[in-house]
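Chemist: Sequence:
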Amino acid sequence: MAVGYGYDLVPGHKDQYVEMADFAIDTAQGLMLPGSTLIAVFPFLKHLPTWFPGAFTLRLCTRVKKAAVEYRNQPFEFVKTNMAAGISKRCVLQQLIESHTDDNGLCKDEETIKDAMASLYIGGVETMQAMDTAFIMAMTLHPDAQKKAQEEIDRIIWKDRLPTLDDRPSLPYVEAVYREVLRWRPVGPLGFAHSTDEDDIYKDLFIPKGAIIMPNVWSITRNEERYPEPELFRPERYFTEDGTLNKDTVSYAFGFGRRICPGRHLAENSVWLMIASVLATFDISKARDEHGNEIDVDDQAFTDTLAMHPLPFKCSITPRSQQAKSLVREAAFVAKHQI
Numbered sequence: 074m075a076v077g078y079g080y081d082l083v084p085g086h087k088d089q090y091v092e093m094a095d096f097a098i099d100t101a102q103g104l105m106l107p108g109s110t111l112i113a114v115f116p117f118l119k120h121l122p123t124w125f126p127g128a129f130t131l132r133l134c135t136r137v138k139k140a141a142v143e144y145r146n147q148p149f150e151f152v153k154t155n156m157a158a159g160i161s162k163r164c165v166l167q168q169l170i171e172s173h174t175d176d177n178g179l180c181k182d183e184e185t186i187k188d189a190m191a192s193l194y195i196g197g198v199e200t201m202q203a204m205d206t207a208f209i210m211a212m213t214l215h216p217d218a219q220k221k222a223q224e225e226i227d228r229i230i231w232k233d234r235l236p237t238l239d240d241r242p243s244l245p246y247v248e249a250v251y252r253e254v255l256r257w258r259p260v261g262p263l264g265f266a267h268s269t270d271e272d273d274i275y276k277d278l279f280i281p282k283g284a285i286i287m288p289n290v291w292s293i294t295r296n297e298e299r300y301p302e303p304e305l306f307r308p309e310r311y312f313t314e315d316g317t318l319n320k321d322t323v324s325y326a327f328g329f330g331r332r333i334c335p336g337r338h339l340a341e342n343s344v345w346l347m348i349a350s351v352l353a354t355f356d357i358s359k360a361r362d363e364h365g366n367e368i369d370v371d372d373q374a375f376t377d378t379l380a381m382h383p384l385p386f387k388c389s390i391t392p393r394s395q396q397a398k399s400l401v402r403e404a405a406f407v408a409k410h411q412i
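Residue numbers in the sequence shown follow my numbering, run continuously in steps of one, and reach 412 at the last position.
Keep in mind that the hints were calculated from the coordinates and are not lab data.
Careful: at least some of the hints might be erroneous.
Below 25 angstroms or equal to it, Euclidean Cα-Cα: the simulated DSS-like pairs (lysine-lysine) are [claimed, not checked]:
1. Lys153 to Lys139
2. Lys221 to Lys359
3. Lys187 to Lys138
4. Lys398 to Lys409
5. Lys87 to Lys138
6. Lys187 to Lys162
7. Lys220 to Lys409
Pair by pair, the computed Cβ-Cβ distance ranges are [unchecked claim]:
8. His364 to Thr123: 52 to 58 angstroms
9. Ala405 to Ala157: 27 to 33 angstroms
10. Lys359 to Thr269: 43 to 49 angstroms
11. Trp231 to Ser172: 37 to 43 angstroms
12. Thr123 to Val76: 33 to 39 angstroms
13. Glu403 to Val91: 25 to 31 angstroms
14. Ser394 to Lys320: 35 to 41 angstroms
Note that CB positions come from ideal geometry on N, CA and C, so glycine has one too.
Taking the hints into account, I'd like the entire structure generated from these sequences.
Modeler: Structure below.
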């Protein structure tokens, strides 16, 4: 919200924009799963009126559409109003409006800009949150991988600053951790639906024009020829024999073809920075109960929604040092006053 709209959320308070977007996201995820509704099985049911007995899904779709349209329009008008009053914070939307406004003060491509900005939050918040929490789970369960990544960061960056994207080529093991997080628990295990625009034949299988194709990302990540022992979290699988990174960037995690995630570059950089920054400043481990015993974490406890993310689990996240704590506070202060 801050990056896209220059809109600051108040921690601990409900926000109207977030609530309408989250309702649309959470509900749509259930509706979009293959075979999850009768309409998916019997498409002709979509022509029934919403008041028809049993047409719950149709009524729910109407509410989702309303929430999505409101989120598409209301934050946009919020920024335009603030720009007119001269109080708008610097953000992506402000820059887009300025760059698409002609000499007469008319914003060209306004509808396209609305769609793009709504996608930034609706399309990104759930998936990025899922990747972030999958990383936390992986580090909780695999302290050896965490330690190797931290040692690499300490050796390259000297603990006096946070990692930046400029450091990425110099941190190959951190890069391998990032790739393995994408593969180990892919956010979209079924990908997103595609439709064939012509008849096709694949391995003697006839695929008619208009067929719905679901790319099985989960199956790709479990290919034992490509990823031996695929259930293991093993960043080392991305290194060649000479110790350099191989060419497998796990790009399929962001989709394929024209339906590939349009915000993948932002998501990739943001998640990598999160991983590198957390590893640089925090130790992640299993939580302990009142008797000092470690609390186990179930690495199979994930949602079955379109965007798969871990179910709530307990862990311990502590600053690595006072210097690390200061770096985090300084970064938070800068982010708050610059965005």
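Chemist: So, for every hint listed, does it hold in this structure?
Modeler: Taking the hints in turn, this is what the structure says about them:
1. Lys153 to Lys139: Status holds; Cα separation ~21 angstroms.
2. Lys221 to Lys359: 18 angstroms, holds
3. Lys187 to Lys138: At roughly 15 angstroms apart (the allowed maximum being 25 angstroms), lysine 138 and lysine 187 satisfy the hint.
4. Lys398 to Lys409: 17 angstroms, holds
5. Lys87 to Lys138: This hinted pair holds, its Cα atoms lying about 21 angstroms apart.
6. Lys187 to Lys162: 18 angstroms, holds
7. Lys220 to Lys409: Answer violated: lysine 220 to lysine 409 is near 30 angstroms, above 25 angstroms.
8. His364 to Thr123: 52 to 58 angstroms: At roughly 55 angstroms between Cβ atoms, threonine 123 and histidine 364 fall inside 52 to 58 angstroms, so the hint holds.
9. Ala405 to Ala157: 27 to 33 angstroms: Between alanine 405 and alanine 157, where Cβ atoms are some 31 angstroms apart, the hint holds.
10. Lys359 to Thr269: 43 to 49 angstroms: About 47 angstroms separates the Cβ atoms of lysine 359 and threonine 269, which means 43 to 49 angstroms holds.
11. Trp231 to Ser172: 37 to 43 angstroms: 39 angstroms, holds
12. Thr123 to Val76: 33 to 39 angstroms: The hinted range 33 to 39 angstroms holds for threonine 123 and valine 76, with Cβ atoms some 36 angstroms apart.
13. Glu403 to Val91: 25 to 31 angstroms: 27 angstroms, holds
14. Ser394 to Lys320: 35 to 41 angstroms: 36 angstroms, holds
In this structure, only the earlier hint numbered 7 is contradicted, and the remaining ones agree with it.
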